[in-house]
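A.B. asks: Here's the letter readout for the chains.
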Amino acid sequence: MNLCISKYCSIKNNCFSVNGEVVFANSELSATEFLTALYRHEQIGYPKFFKMDYLAKTGFLAADLLLKGTAFYGDSLKQTMGIFLSNNSSSLDTDIAFQKTIGKEYFPSPSVFVYTLPNIVMGEIAIKHKIFGENTFFVSQEFNDRFVRDYVNQVFVEKDMESAIVGWVELFDQHCEAFLMLVEKEKGTINFTQEIIHKLYKS
Amino acid sequence: MSTVYIQSNNIISSLGFTTEENMCAVVSGKSGLHYYKENTLDVPEGFYASRIDAEKLNAQFALISNLECSRFEKLAILSVHNAIKNSLVNTTDSRTLFILSTTKGNIAFLEQDTNNEQAYLWHSAQVIANYFKNPNTPIIVSNACISGISATIVAKRMLTSGNYDTVIVVGADIISKFIISGFQSFKALSQKACKPFDANRVGLNLGEGAATIILKINDKGNCLPKGTITIENEAISNDANHISGPSRTGEGLFLALQSVMKGRKAEEIGFVNAHGTATPYNDEMESIALWRMGMTEIPVQSLKGYFGHTLGAAGLLELIISAESLRQNTIIKSLGYETCGVSHPLHIITETKTKEITRCIKMVSGFGGCNAVCMLKKIS
Numbered sequence: 001m002n003l004c005i006s007k008y009c010s011i012k013n014n015c016f017s018v019n020g021e022v023v024f025a026n027s028e029l030s031a032t033e034f035l036t037a038l039y040r041h042e043q044i045g046y047p048k049f050f051k052m053d054y055l056a057k058t059g060f061l062a063a064d065l066l067l068k069g070t071a072f073y074g075d076s077l078k079q080t081m082g083i084f085l086s087n088n089s090s091s092l093d094t095d096i097a098f099q100k101t102i103g104k105e106y107f108p109s110p111s112v113f114v115y116t117l118p119n120i121v122m123g124e125i126a127i128k129h130k131i132f133g134e135n136t137f138f139v140s141q142e143f144n145d146r147f148v149r150d151y152v153n154q155v156f157v158e159k160d161m162e163s164a165i166v167g168w169v170e171l172f173d174q175h176c177e178a179f180l181m182l183v184e185k186e187k188g189t190i191n192f193t194q195e196i197i198h199k200l201y202k203s
Numbered sequence: 001m002s003t004v005y006i007q008s009n010n011i012i013s014s015l016g017f018t019t020e021e022n023m024c025a026v027v028s029g030k031s032g033l034h035y036y037k038e039n040t041l042d043v044p045e046g047f048y049a050s051r052i053d054a055e056k057l058n059a060q061f062a063l064i065s066n067l068e069c070s071r072f073e074k075l076a077i078l079s080v081h082n083a084i085k086n087s088l089v090n091t092t093d094s095r096t097l098f099i100l101s102t103t104k105g106n107i108a109f110l111e112q113d114t115n116n117e118q119a120y121l122w123h124s125a126q127v128i129a130n131y132f133k134n135p136n137t138p139i140i141v142s143n144a145c146i147s148g149i150s151a152t153i154v155a156k157r158m159l160t161s162g163n164y165d166t167v168i169v170v171g172a173d174i175i176s177k178f179i180i181s182g183f184q185s186f187k188a189l190s191q192k193a194c195k196p197f198d199a200n201r202v203g204l205n206l207g208e209g210a211a212t213i214i215l216k217i218n219d220k221g222n223c224l225p226k227g228t229i230t231i232e233n234e235a236i237s238n239d240a241n242h243i244s245g246p247s248r249t250g251e252g253l254f255l256a257l258q259s260v261m262k263g264r265k266a267e268e269i270g271f272v273n274a275h276g277t278a279t280p281y282n283d284e285m286e287s288i289a290l291w292r293m294g295m296t297e298i299p300v301q302s303l304k305g306y307f308g309h310t311l312g313a314a315g316l317l318e319l320i321i322s323a324e325s326l327r328q329n330t331i332i333k334s335l336g337y338e339t340c341g342v343s344h345p346l347h348i349i350t351e352t353k354t355k356e357i358t359r360c361i362k363m364v365s366g367f368g369g370c371n372a373v374c375m376l377k378k379i380s
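Protein chains in written order, with this note's numbering: chain A, 1 to 203; chain B, 1 to 380.
Please note: incorrect hints may appear among the correct ones.
Just the calculated beta-carbon pair ranges, DEER-fashion [claimed, not checked]:
#	chain 1	residue 1	chain 2	residue 2	range
1	B	N329	A	K199	50 to 60 Å
2	B	L63	A	P47	51 to 61 Å
3	B	E338	A	E42	49 to 59 Å
4	B	P280	A	G74	30 to 40 Å
5	B	R248	A	K48	10 to 20 Å
6	A	K187	B	K220	32 to 42 Å
7	A	P110	B	D53	28 to 38 Å
Calculated lysine to aspartate or glutamate pairs in the EDC-like style (CA-CA distance at most 16 Å, straight line) [stated by the list, open to error]:
#	chain 1	residue 1	chain 2	residue 2
8	A	K185	A	E162
9	A	K185	A	D150
10	A	K202	A	E177
11	B	K355	B	E267
12	A	K100	B	D42
13	B	K377	B	D198
14	A	K100	B	D113
15	A	K130	A	D173
16	A	K185	A	D160
17	A	K159	B	E232
18	B	K262	B	E232
19	B	K85	B	E20
20	A	K104	B	E297
21	A	K100	B	E232
22	B	K262	A	E158
23	B	K216	B	D93
24	A	K12	A	E33
25	A	K104	B	D113
26	A	K12	A	E28
27	A	K100	A	D173
28	B	K265	B	D219
29	A	K104	B	E232
30	A	K185	A	E142
31	B	K85	B	D113
32	A	K202	A	D145
33	A	K104	B	D42
34	B	K262	A	D75
For the record, the hints were derived by calculation from the structure and aren't laboratory data.
Ideal placement from N, C-alpha and C gives every residue a C-beta, glycine not left out.
Build out the structure end to end from the sequences listed, making use of the hints.
C.D. replies: What follows is the structure in structure tokens.
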């Protein structure tokens with residue numbers, strides 16, 4: 001079985017790129033302001049976006065723009081699409097925000113608490129695009145391209161899977177970095193190999 | 001055709017530090033849940049939970065090591081240590097992989113300092129892997145309440161891919177002000193011992209635990225000893241519906257069950273170990289998914305009345321009890337159940353009894369709309 005990267009995108013240093021081409025950039029904003037600017041620029045029109053924490057906003061935007069213009073965009077039911085994401089700091093950005101609500105002044109908020117789990121970002125993506133397939137969130141100090149290649153490959157071998165959103169979604173203290181790939185069976189010219197994943201992630 | 005099987009395991013909970021102690025307690029109907037009054041762990045409200053005795057943990061840990069590490073890391077290390085004690089696993093081998101399953105790890109460190117490297121999950125995973133001198137970068141799975149089963153599934157796939165001979169999966173979470181206050185804010189906690197699937201259930205109890213399974217692969221067609229427990233089938237699916245509430249149609253769980261049950265009849269399943277948190281929505285959703293599968297006659301239990309909800313350890317801890325139940329031909333009763341409280345009545349087990357069984361199902365669901373199902377089979 002030959003897996004291909006049919007499309008990829010990244011959000012890094014206040015710059016959003018698709019297949020290596022810059023689509024939108026604004027160096028004057030903070031990283032989190034940039035997310036809102038990108039959302040408005042792309043006219044996504046999904047008010048729930050404003051309820052999300054920054055990690056979920058990052059992953060949601062990257063996934064939405066990854067699927068935009070592909071057959072997977074929108075709310076057709078997708079049972080054979082998976083989501084496999086990873087990052088460094090889990091949900092620590094929101095964990096710290098929640099911790100601040102349970103100090104001397106004690107007012108824990110359920111709407112903050114729900115985002116103290118890193119896999120919530122996959123839930124947000126699944127809801128928007130009706131993705132019912134396997135979803136697993138990994139944490140690693142650095143993007144583990146070898147493991148990602150091995151694991152995603154194995155899921156395609158074992159399960160009835162046709163496509164997957166795969167990559168890295170990191171957000172901590174105004175440091176924002178997303179790199180997502182749309183992986184499909186036999187579709188595209190970029191092979192899903194460790195070397196290529198590494199090169200695309202670093203570029 | 002390769003087979004992935006459980007070589008060894010361990011559970012540490014308020015009910016004991018070995019799988020045997022925990023299994024004995026559960027079979028005798030003993031619960032590890034207790035009431036903790038207001039201001040425990042600096043939480044203003046009292047809560048019902050299952051906690052591991054700090055002195056006992058420190059004493060047990062001191063017997064194996066003088067390593068300076070957190071309570072969370074001690075629990076995980078001790079659990080792995082106990083699991084490998086009677087196995088021939090070489091943790092220093094590059095064909096042995098560690099997988100850590102947790103939701104919050106050392107999150108309590110934020111109480112002192114919000115800029116603390118120890119709060120990173122990879123820090124803890126590395127402490128654990130280093131303790132056992134494992135040369136590989138440990139894998140961390142953090143998938144809310146399904147983490148333990150997710151991690152088991154990841155382990156099985158890494159073995160099947162041929163890159164490893166042994167995978168050690170350890171799941172752990174501890175109870176902190178962070179976790180209790182969050183669940184309290186959700187109004188998800190019961191002020192009494194939880195009552196999974198019961199008409200009067202009002203919420204869950206949290207629990208502390210660590211659980212380890214050592215998985216091996218048999219890809220040479222060797223005969224496994226009678227009574228060996230294998231991971232026969234598994235699936236993960238998302239509800240694509242809501243981030244904090246389960247689907248009203250049980251969609252994700254139904255899809256995962258459908259995938260795992262493909263080619264099997266309901267009556268082949270000896271029992272279902274449900275997630276059964278005892279929140280009104282979770283248990284209702286599970287009953288809908290089982291009903292859609294035509295599995296309402298299969299005996300069902302939740303172990304939350306014994307251990308509480310042990311978060312990142314839950315899937316593993318409950319998978320181990322399920323595996324032991326299969327091995328010992330014992331169907332464990334669901335604690336706290338009296339009257340049916342779900343719209344599709346299930347066959348809840350109200351008495352622990354012996355019965356010849358070959359297969360069982362473990363199912364879990366969590367925030368983010370995730371669901372996972374694992375089917376265990378006993379070699380006979």
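A.B. asks: Hey, A/K159 versus B/E232, does the alpha-carbon distance stay inside 16 Å?
C.D. replies: Between A/K159 and B/E232 the Cα gap is close to 14 Å, so the pair holds against 16 Å.
A.B. asks: Hey, A/K100 versus B/D42, does the alpha-carbon distance stay inside 16 Å?
C.D. replies: 14 Å, holds
A.B. asks: Between B/E338 and A/E42, is the Cβ distance one that fits in 49 to 59 Å?
C.D. replies: Because 54 Å falls inside the window, the suggested range holds.
A.B. asks: What's the verdict on A/K202 and A/E177, does the C-alpha distance respect the 16 Å limit or exceed it?
C.D. replies: 11 Å, holds
A.B. asks: For the pair supplied as a hint, A/K185 and A/E162, confirm whether the alpha-carbon distance does not exceed 16 Å.
C.D. replies: Roughly 6 Å separates the two Cα atoms, so the pair holds.
A.B. asks: Quick one, are A/K12 and A/E28 close enough, alpha carbons at most 16 Å?
C.D. replies: Holds. A/K12 to A/E28 sits at ~14 Å (cutoff 16 Å).
A.B. asks: Can the suggested window of 10 to 20 Å be confirmed for the beta-carbon pair B/R248 and A/K48?
C.D. replies: At 18 Å between Cβs, range holds.
A.B. asks: Between the alpha carbons of A/K185 and A/D150, is the straight-line distance 16 Å or under?
C.D. replies: Roughly 15 Å between the alpha carbons, so the hint for A/K185 and A/D150 holds.
A.B. asks: Under the criterion that the straight-line Cα-Cα distance not exceed 16 Å, is the pair A/K100, B/D113 satisfied?
C.D. replies: 11 Å, holds
A.B. asks: For a C-alpha distance cap of 16 Å, please report whether A/K185 and A/E142 respect it.
C.D. replies: 26 Å, violated
A.B. asks: With the threshold set at 16 Å, check whether the alpha-carbon distance from B/K85 to B/E20 stays at or below it.
C.D. replies: Between B/K85 and B/E20 the Cα gap is close to 14 Å, so the pair holds against 16 Å.
A.B. asks: For a C-alpha distance cap of 16 Å, please report whether A/K130 and A/D173 respect it.
C.D. replies: 30 Å, violated
This entry does not satisfy hints 13, 15, 20, 21, 28, 29, 30, 31, 34, going by the numbered hints stated previously.
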